[in-house]
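Visitor: The chain contents come next:
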Amino acid sequence: MDIGLKEIEYIANLSRIALTDEEKKTFKKQLANILDYIKKLNELDTDTVEPMAYATDLKNVFRKEELTPSLSRQKILNLSPSNVNGFFKVPKVIE
Amino acid sequence: MLLHELTASKVRERITKREVTAQEVVEELLEWINLKEPLIKTYLCLDEDGALSKAKEIDEKLSNGNKVGLLAGVPIAIKDNMCTAGVKTTCASKILENFIPPYDAFVVKRIKDEDAIIIGKTNLDEFAMGSSTENSAFQITRNPWDIDCIPGGSSGGSAAAVSADMAFMALGSDTGGSVRQPASFCGDVGLKPTYGRVSRYGLIAFASSLDQIGPITKDVLDTALLLQVISGHDNFDSTCAALDVPNYISDIDRLDDVLKIGVPREFFGEGLNTEIKSALMDALKIYEANGAKLVDLSLPHCEYAVATYYIIATAEASSNLARYDGVRYGHRSRLSSDSNIVDMYSQTRAEGFGNEVKRRILLGNYALSTGYYEAYYLKASKVRNLIKNDFEDAFKKVDCIICPTCPTPAFKIGERVTEPLEMYLSDIYTIPANLAGIPGISIPCGFTSAGLPIGMQILGKYFDERKLLKMAKLFENETDFHLKRPKLNQQV
Amino acid sequence: MKYEVVMGLETHAELNTVSKLFCGCSTKFGSEPNTQACPICLGLPGVLPVMNERAFEHSLKAAIALNCEIGRFASFDRKNYYYPDLPKNYQISQSYFNIGNNGYVDIVVKGKKKRIDIHNVHLEEEAGKLIHPEKSDDDYSLVDFNRAGVPLLEIVTEPDMRSIEEVESYMQILRNILLYIGVSDCKMQEGSLRFEASISLCEKGAKVYGNRVEIKNLNSMKAVLKVLAYEISRQGDLLDKGKEVLMETRLWDEVNAVSRRMRTKEEAHDYRYFPEPDLVPVWIDQKWIDETKKTIPELPVNKRQRFVKEYLISDYDAGVLTEDIFLADYFEACVKLARNSSKELSNWIINDVLRELNERKINIQEFTVTPKMLVELIKEKSTVGNAIAKEVFIEMVNTGKNAQSIINEKNLAQLSDVDELNTITANVIEKNPKAVEDYKRGKKNALAFLIGQTMKMTKGKANPKILTEILKEKITTGPK
Ligand SMILES: [Mg+2]
Ligand SMILES: [Zn+2]
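Residue numbers (our numbering), protein chains in the order written: chain V, 1 to 95; chain Y, 96 to 587; chain E, 588 to 1067.
For reference, chain V alone in the conformation it holds in the complex (with noise of 0.2 Å):
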């Protein structure tokens, strides 16, 4: 459960983050740090243990199939940092 600098450029890659070395050195160190904490969950036996995926016993929540106004193209627009002819505008997205 080691967590080397190579884990830490992983996962900084996995969350679009982008690190200076001196950050990684103490993130590094700070996520070591609570994962060695976290550790302490391995105390438990949890074999037999169902997971609690949903913090609700709710179960089949639907809507109806039905059509309600979109928002005007100007508003989500004005939202956005660029924008051209109708479309959001990113940087060249290579396939």
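Treat the hints with care, as some may be off.
Unchecked claim - In silico DSS-like links for lysine-lysine, alpha-carbon gap of 30 Å or less: (1) Y:K151 x V:K75; (2) Y:K355 x Y:K491; (3) E:K930 x E:K968; (4) E:K880 x E:K896; (5) E:K794 x E:K716; (6) E:K666 x V:K59; (7) V:K89 x Y:K189; (8) V:K64 x E:K880; (9) V:K64 x E:K896; (10) V:K59 x E:K881; (11) E:K716 x V:K92; (12) E:K1046 x E:K968; (13) Y:K183 x Y:K131; (14) Y:K189 x V:K6; (15) E:K615 x V:K92; (16) V:K89 x E:K666; (17) V:K28 x Y:K507; (18) V:K64 x E:K615; (19) V:K64 x E:K881; (20) E:K666 x V:K92; (21) Y:K189 x V:K24; (22) E:K977 x E:K1052.
Said to hold, decoys possible - Over 12 Å on every C-beta distance to chain V, these chain Y residues come out as not near it, computed from the model: (23) T111; (24) E114; (25) K131; (26) G164; (27) K204; (28) K207; (29) P341; (30) S373; (31) I456; (32) K492; (33) R561; (34) N572.
As the list claims (entries may be wrong) - Label pairs and their computed distance ranges (CB to CB): (35) V:K24 x E:I883: 50 to 58 Å; (36) V:K24 x Y:E119: 50 to 58 Å; (37) Y:S434 x E:E745: 38 to 46 Å.
These are computed hints drawn from the structure, not numbers from a lab.
Predicted, not measured: the structure shown is a model, and the values here were computed from it.
Cβ atoms here follow ideal geometry from the backbone N, Cα and C, with glycine treated the same way.
Given the coordinates of chain V, work out where chains Y and E with the ligands should sit on it, guided by the hints.
Guide: Quick look at chains Y and E with the ligands alone, frame taken from chain V:
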């Protein structure tokens, strides 16, 4: 008594009886806020014009003899992680610094429908991640009882505003104690409802399976009043219960049965400040004197709550916060145009998020990533079930549980910022209720020798907020801790 | 061929609901960019999803129609990855408890039946659309979120297909099933049916298959078939040269008819699936399953077999008729009205009706000639003859009138009046003594000549059957 010192229920009464106009209330409050805001720094955004025009609207309704709502003319502060249409909602984050939502959160709509006046948006730890409000990207809010101390968090702005009479009531959100802990540090009443009691629609998500909006008020009656307004089903939140909402206000002073109060050993052990411990013991005696039976209790898995919480909360947060990418709204890094999309994302998020948020996103993604899911996320989900079972077993024996809200009183600004784990451990008594989904209320139950408020926490069965409020009201009727106000005579 | 090949297919079908999966925005195709979006489908801060009931019902119906096992409950999970067309940077999908698992589709290749196993069927949300400007030096892309949040059904096969023909049959039959049960319009030109293929090769008889190549974003069945053929030869060539086939994701370049490697760095597929906390699970009881089953019509393969047995038409014809459930219904409606002439009706529908539909680019539901009208026309055929019946049919399609009125209006009815035909044939016999003599001497085609002459005089309206009889009789018995 000055207008701004009144409780929400009292000020509403005076407004609806036409003893004072809503406009006068707002004007007087704004004057006080403008005087004390430089000291306390609770608000990220004050909506003076909006508040005044809404006040006039309500006064007009009243003078025309029209019916008014449950919160008529009451100025309310809202934690800045709830969307307010047309009013900036930042989550105290640079990434949403200029974000103006095009829609109202469910709770915002509800309080507007009841004629409340939204006075402003309060400071918080960025994206509600923190226990001290020091993680705000914009300002540090101070505890009105001691301006060198933190107000608690993450709803620190809301708690401080209510405590300093800078709002008659406030909304906070509680993911691991973020309503109850700052309420206890600021001497307020704060309630986290049962998960699913209040719609989360429009609450900017931190950890979806734990987040719940709750009132922060000057007394228990006001909490009952605000809970009454914000509770109930919402078609826009699949996790919101379709249960009827009982009347929280009627009969609040009546407790018929002899109650059995569970006192969980694990919450009174090592690490608990002795002054808090003795305040709690005194409080329990008051209940005993009123006919309650104390039952010694064990919640054996609660010692794993913090570890469990920091996996589940961060895992959900890492995904919830993925949407802040600079494409559709919010901050976008000003990179040269030839940079690629991945760099745009990574720079935007590096610039937009503070360290605590980054830390939690990293931790959450680690716990979910290939090879770690079972060891972390799944393991934590199982332990979460054990914690929930602890409470279910306990509530077969007792009607409610009483324990401290926090192991210590408000701590000094800057004291714990460099040690995240230490900060996390300060939520040790509040986190279990979020993991189990049960309701909890924090009420003032004393002061330390240094004059800092002490909070008592009452935990209840699912959807049994009514009993919590009655229990809290009984204590309030027997004591006057809730009537004390901070002096606020320090200079900026 | 030297190599054996295994292929699997992931099919994405947009469900034909009017509103999106988690919000009330329209799913209509082809609107102006970003005019069908709201806080929910744009993933604005604070919004939450609530499931469209119809979309879930459609998915359940599809899972049952594809013979899946239906678990006690279905739940939803977040698939986390960054892409600018994905508003929340996670897709609400299913991973741990899908709507359907372990199903199958029976296909037919060269008359042989084969079962293709379905690994799972699950419901998820569609992404938006990313547009790359045409000028290659433009350094930006554009995003339209109109499609974001449209309900999408994903159907994943096991790697069971061993030839291009099997893949083709599977796609056609799957598409037919989805159309039959009415859950998707499967319009490939609108992107509502798309595929991703996986393929790997090995030496004949080898136990272990080589590296798997995935091909994404295939927008038509043709593209799937082309890229798989291309990959079989590309990978075969590599193996021939002793080179390794890389495990990678490729794209089909339609213009140059080649597959090429995706340029975006493959992120080791670390999707960090976890249960979607904003939704609650859906419990599915037996009653719900039984009731859904009742809404599933007879599926194409079964219908085809039944048509062959019941109506004694060829398997090929039954295949054509059952390609479209509405065409099959049309055929059966005709058969019911006409009783015995199923073979003839089948010919009319396959040749004449389909030709007209294709020419007019309409579907059978929009066709002006009802089953009743077609059956009436075929009855009239015995009086007007085949050639005229075909003419009348075209006229019916053009005008929407029934056969009888067209025949009356245009005076197309056959000349069956014996007296009149007697007069005319007498005339013909008189004018063509040589042909009459030839016929008497046993030259059979002389009679055809005489029939032709009579037809000429009656402008083709003479009833050929009566006419032939009269001519024969007249010649053999001599003038009266
Ligand atoms: Mg998928
Ligand atoms: Zn929408």
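Visitor: Look at each hint and say if it fits the structure.
Guide: Now for the hints, and whether the structure bears them out:
1. Y:K151 x V:K75: 29 Å, holds
2. Y:K355 x Y:K491: 11 Å, holds
3. E:K930 x E:K968: Given pair K930 of chain E, K968 of chain E holds - Cα atoms ~15 Å apart, limit 30 Å.
4. E:K880 x E:K896: Given that 30 Å is the threshold and the Cα spacing comes to 24 Å, the pair holds.
5. E:K794 x E:K716: 41 Å, violated
6. E:K666 x V:K59: Roughly 21 Å between the alpha carbons, so the hint for K666 of chain E and K59 of chain V holds.
7. V:K89 x Y:K189: Answer holds: K89 of chain V to K189 of chain Y is near 21 Å, not above 30 Å.
8. V:K64 x E:K880: Holds - the C-alpha atoms of K880 of chain E and K64 of chain V are around 21 Å apart, at most 30 Å.
9. V:K64 x E:K896: 43 Å, violated
10. V:K59 x E:K881: 24 Å, holds
11. E:K716 x V:K92: 14 Å, holds
12. E:K1046 x E:K968: Roughly 17 Å between the alpha carbons, so the hint for K1046 of chain E and K968 of chain E holds.
13. Y:K183 x Y:K131: Roughly 22 Å separates the two Cα atoms, so the pair holds.
14. Y:K189 x V:K6: Between K189 of chain Y and K6 of chain V the Cα gap is close to 28 Å, so the pair holds against 30 Å.
15. E:K615 x V:K92: 27 Å, holds
16. V:K89 x E:K666: Given pair K89 of chain V, K666 of chain E holds - Cα atoms ~24 Å apart, limit 30 Å.
17. V:K28 x Y:K507: 26 Å, holds
18. V:K64 x E:K615: 18 Å, holds
19. V:K64 x E:K881: Holds, at roughly 22 Å.
20. E:K666 x V:K92: Within the cut-off at roughly 23 Å; holds.
21. Y:K189 x V:K24: 21 Å, holds
22. E:K977 x E:K1052: Roughly 19 Å between the alpha carbons, so the hint for K977 of chain E and K1052 of chain E holds.
23. T111: The assertion about T111 of chain Y holds, with a minimum of 36 Å to chain V.
24. E114: Label holds. Min Cβ-Cβ 42 Å, cutoff 12 Å.
25. K131: 34 Å, holds
26. G164: Nearest chain V Cβ is 26 Å from G164 of chain Y, so the label holds.
27. K204: K204 of chain Y is indeed farther than 12 Å from all Cβ atoms of chain V, at 16 Å.
28. K207: 20 Å, holds
29. P341: At roughly 18 Å from the nearest Cβ of chain V, P341 of chain Y sits farther out than 12 Å, so the non-interface label holds.
30. S373: 29 Å, holds
31. I456: 5 Å, violated
32. K492: Nearest chain V Cβ is 21 Å from K492 of chain Y, so the label holds.
33. R561: 19 Å, holds
34. N572: 33 Å, holds
35. V:K24 x E:I883: 50 to 58 Å: For I883 of chain E against K24 of chain V, whose Cβ atoms are near 56 Å apart, the range 50 to 58 Å holds.
36. V:K24 x Y:E119: 50 to 58 Å: The hint (50 to 58 Å, Cβ to Cβ) holds, given that K24 of chain V and E119 of chain Y are roughly 56 Å apart.
37. Y:S434 x E:E745: 38 to 46 Å: 42 Å, holds
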